[in-house]
Amino acid sequence: MSSLTINLLNELHGTLEDDDHDNPWAQPGVRQLDQSASAVADWYIEHQSERELIRKETRQWGSLWGLVLFVRRAGILVDADSRWVNRGLAIASIVDANCDYRDLIVSLVVLRSFAMDAGLETDAAFDVALCWSTEHMHSILLNARNHELSDIQSTVATFGPPTDAG
Numbered sequence: 018m019s020s021l022t023i024n025l026l027n028e029l030h031g032t033l034e035d036d037d038h039d040n041p042w043a044q045p046g047v048r049q050l051d052q053s054a055s056a057v058a059d060w061y062i063e064h065q066s067e068r069e070l071i072r073k074e075t076r077q078w079g080s081l082w083g084l085v086l087f088v089r090r091a092g093i094l095v096d097a098d099s100r101w102v103n104r105g106l107a108i109a110s111i112v113d114a115n116c117d118y119r120d121l122i123v124s125l126v127v128l129r130s131f132a133m134d135a136g137l138e139t140d141a142a143f144d145v146a147l148c149w150s151t152e153h154m155h156s157i158l159l160n161a162r163n164h165e166l167s168d169i170q171s172t173v174a175t176f177g178p179p180t181d182a183g
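Per this note's numbering, the very first residue in the sequence shown carries number 18; after that it's consecutive.
To be clear, the hints were calculated from the coordinates, so they are not data collected in a lab.
All of these numbers come straight from a predicted model, not from anything done at the bench.
Think of the CB as a built atom: it goes at the ideal place given N, C-alpha and C, for glycine as much as any other residue.
You may find that some hints are simply not true.
[As the list claims (entries may be wrong)] Just the calculated beta-carbon pair ranges, DEER-fashion:
1. Gln52 x Met18: 34 to 44 Å
2. Asn24 x Gln170: 38 to 48 Å
3. Ser167 x Glu138: 32 to 42 Å
4. Gln170 x Leu21: 39 to 49 Å
5. Ser19 x Thr175: 35 to 45 Å
6. Thr180 x Ser66: 16 to 26 Å
7. Gln77 x Thr175: 16 to 26 Å
8. Ala174 x Asn40: 24 to 34 Å
9. Arg76 x Asn24: 31 to 41 Å
10. Arg76 x Cys148: 12 to 22 Å
11. Gly79 x Arg119: 34 to 44 Å
12. Gly136 x Gly79: 35 to 45 Å
Kindly generate the complete structure, drawing on both the sequences and the hints.
Rendered as structure tokens:
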């Protein structure tokens with residue numbers, strides 16, 4: 018693993034532990050965790066040879082709840098920059114089902130909903146994320162990608178941001 022990858026992961030791990038998970042919708046994109054997760058996500062997308070090592074390293078961290086919440090929060094930022102869809106998908110791939118799979122599906126559905134609201138085609142992005150991901154992540158990604166519109170709306174109403182967030 019390159020020294021840059023190690024530095025990015027160390028920074029992400031530190032911000033993950035320090036993040037306010039009780040207020041996941043506050044300051045999307047500005048909070049330190051979002052900046053660190055974005056840097057790791059961008060690196061993960063661009064460096065195929067590092068992906069397995071990144072997933073292996075994060076498995077050792079214990080709780081990845083803050084990263085699961087990042088996937089949801091990234092959706093708020095999709096309107097400003099479509100790269101947030103890929104960042105959210107990359108972080109989901111890094112989490113690699115090392116959490117309650119239902120929480121990860123919910124986060125991906127929330128991300129997808131925001132992307133669809135921004136007029137983005139989400140199937141192609143999810144298909145690319147399948148290439149970044151392990152086999153056991155495939156069913157999670159496909160579940161989120163194939164959710165019915167009515168299910169998406171109820172999921173976002175229950176688990177998405179308050180109506181005044183973003």
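Query raised in the report: Hint numbers the structure violates, sorted upward?
Result: Of the numbered hints given earlier, those the structure breaks are 1, 3, 6, 7, 8, 9 and 11, listed in rising order.
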